[in-house]
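Student: This is what each chain is made of:
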Amino acid sequence: MIEFKNIKKGFGDKVVINGVSAVLETGKANLIIGTSGSGKTVLMKCLVGLFEPDEGEILYDGKDFTTMNDDERKMLRQQIGMLFQGSALFDSMTVEQNVMFPLDMFTKDSFSTKLKRVNEVLDKVNLGEVNKKFPAEISGGMKKRVGIARAIVLNPKYLFCDEPNSGLDPQTSLVIDKLIHQITKEYNMTTVVNTHDMNSVMEIGEHILYMFEGIKEWEGNNSEIIFSKNQKLNDFIFASEFLRDAKDMRMLEVRGKIDNDRNMDELLK
Amino acid sequence: MTFFTEFGRYLLMIKGMFTRPENFKMYWKEIMHQCNDIGIGSLGIVLIISVFIGAVSTVQTAYQLVSPVIPISTIAQIVRDTVILEFAPTLTCIVLAGVVGSKIASELGNMRVSEQIDALEIMGINTKSYLIMPKILAALIMIPLLVIIAMVLGIWGGRLAGTASHILSAESFDKGLLQAFVPYNVFFAVVKGYTFAFIISSIPAYFGYYVKGGALEIGRASTTAVVTSCIMILFSDYILAALLL
Numbered sequence: 025m026i027e028f029k030n031i032k033k034g035f036g037d038k039v040v041i042n043g044v045s046a047v048l049e050t051g052k053a054n055l056i057i058g059t060s061g062s063g064k065t066v067l068m069k070c071l072v073g074l075f076e077p078d079e080g081e082i083l084y085d086g087k088d089f090t091t092m093n094d095d096e097r098k099m100l101r102q103q104i105g106m107l108f109q110g111s112a113l114f115d116s117m118t119v120e121q122n123v124m125f126p127l128d129m130f131t132k133d134s135f136s137t138k139l140k141r142v143n144e145v146l147d148k149v150n151l152g153e154v155n156k157k158f159p160a161e162i163s164g165g166m167k168k169r170v171g172i173a174r175a176i177v178l179n180p181k182y183l184f185c186d187e188p189n190s191g192l193d194p195q196t197s198l199v200i201d202k203l204i205h206q207i208t209k210e211y212n213m214t215t216v217v218n219t220h221d222m223n224s225v226m227e228i229g230e231h232i233l234y235m236f237e238g239i240k241e242w243e244g245n246n247s248e249i250i251f252s253k254n255q256k257l258n259d260f261i262f263a264s265e266f267l268r269d270a271k272d273m274r275m276l277e278v279r280g281k282i283d284n285d286r287n288m289d290e291l292l293k
Numbered sequence: 095m096t097f098f099t100e101f102g103r104y105l106l107m108i109k110g111m112f113t114r115p116e117n118f119k120m121y122w123k124e125i126m127h128q129c130n131d132i133g134i135g136s137l138g139i140v141l142i143i144s145v146f147i148g149a150v151s152t153v154q155t156a157y158q159l160v161s162p163v164i165p166i167s168t169i170a171q172i173v174r175d176t177v178i179l180e181f182a183p184t185l186t187c188i189v190l191a192g193v194v195g196s197k198i199a200s201e202l203g204n205m206r207v208s209e210q211i212d213a214l215e216i217m218g219i220n221t222k223s224y225l226i227m228p229k230i231l232a233a234l235i236m237i238p239l240l241v242i243i244a245m246v247l248g249i250w251g252g253r254l255a256g257t258a259s260h261i262l263s264a265e266s267f268d269k270g271l272l273q274a275f276v277p278y279n280v281f282f283a284v285v286k287g288y289t290f291a292f293i294i295s296s297i298p299a300y301f302g303y304y305v306k307g308g309a310l311e312i313g314r315a316s317t318t319a320v321v322t323s324c325i326m327i328l329f330s331d332y333i334l335a336a337l338l339l
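Protein chains in written order, with this note's numbering: chain A, 25 to 293; chain V, 95 to 339.
For the record, the hints were derived by calculation from the structure and aren't laboratory data. This structure is a prediction, so every number in the text was calculated from the model and none was measured. For each residue, glycine too, the CB sits at the ideal point set by N, CA and C. Be careful, since some hints might not be right.
Here are the simulated BS3-like cross-link-like pairs (lysine-lysine), alpha carbons at most 30 Å apart as the crow flies [stated by the list, open to error]:
{"id": "1", "chain 1": "A", "residue 1": "K32", "chain 2": "V", "residue 2": "K109"}
{"id": "2", "chain 1": "A", "residue 1": "K69", "chain 2": "V", "residue 2": "K197"}
{"id": "3", "chain 1": "V", "residue 1": "K222", "chain 2": "A", "residue 2": "K32"}
Far from chain A by the CB rule (all over 12 Å, computed), these chain V residues [unchecked claim]:
{"id": "4", "residue": "F98"}
{"id": "5", "residue": "Q210"}
{"id": "6", "residue": "T322"}
Just a few of them, taken from the derived set where beta-carbon distance is under 7 Å, the chain A residues facing chain V [to be verified]:
{"id": "7", "residue": "G191"}
{"id": "8", "residue": "P194"}
{"id": "9", "residue": "K202"}
{"id": "10", "residue": "F236"}
Next comes chain A alone, as it looks inside the complex (with noise of 0.2 Å):
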């Protein structure tokens, strides 16, 4: 479980999270969504620790991450895994070497058992064949799925998603989301996602935060997002007119005025 506690992050006069707290869960994708701008990423990078806050206290099963020295970071650091939005994969290496290069530096197991290891998550995250292959060789979602099984080779407790879904299409959107989804539950770890994309928070967002410019504007989960009352919400998720209209279908379903086959003469009136 990550509990942080009145976060705050600015970059010269600018306020970018303005005291944000929220407890993500063990087991469930917790999900940080929001605009373009809105503070995600900056807060994703406060959790992680690639930013230092400027106040608040950010816990990691009860241990403050802000007060602790080098070497206690770094401990905790083996236990998280993250997916960088553009894969971050090492341009120098092939497929296996940056799966393995996380146990190349940190056990010291023989070779042939790195090697299963390697490829127990690569056939995890359905890649077979590409172990050879640079980065460069390969597609978009291959390299998203690349930089998943390289983040959960070590077995992590904590895995960071930032933006999983930048640049694909989303039927290979999709399969990253489940795949977050699968292992999380797997592995029992606790999970966060930084997107905007409204595919993944319908699928996964088992836990939602709604970021709008530096606070936490609304929290929940999946199934209540679509009917919050929030207007900001509502303008971030149903920005386009086909998603208004989603929307009204859906509430008219809900309220039983629609069935299934989608009465369009009730919709409509």
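Please arrange chain V on chain A, whose structure you already have, making use of the hints.
Tutor: Just chain V, lined up with the frame of chain A:
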């Protein structure tokens, strides 16, 4: 003010490198990889420039040395000392600042921009130690060796040009080489090699490691790194000459 801020950050980067490695084997592997990149990768250009520097030194010294009272073997003496004292360490390192320095700056800059450095940090790896220290150590090992190779090849190039252009015979050149040889000059050149090696590796590493932005900024960082390295090489060249000669 900006200079002091940048210099302070540079010193902190150097200080940040000195931590216990997470895995000695991986660090050793990285040092060897960098030795190959910096040393073997630059061998070709060093061979070419040092031979031609020596050759040109011989021809131009002969052109200026017109007095009949000065023995012809003096050309070899002058070529030897200029190559050892100045051309082999300084000119070679200025060329290496371009070759090695731009590579270090752009490699680290690209890693920064594509979040590879962040990925290493998240894994719990000290990136200053893992990415920068092997480059500096490899430069400290390989660049003085390249300077020594440049000395030998520069003198050989001078001998080749001298005999090929019928300026002086091989015997006269060899005789001149052995006259009034001061071994301290070689030591001085090696000291310069170590100093320049540190400059060539650490300054581009600094500019690459702290790059912000995208492809354009990586290019800018690379250019700034090379220019700054060259200026620092020439400045320290003067300081070392004033202190040690």
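Student: Going through the numbered hints above, which ones does this structure break? Give me the numbers in ascending order.
Tutor: Result: hints 5, 7, 8, 9 and 10 break, sorted rising.
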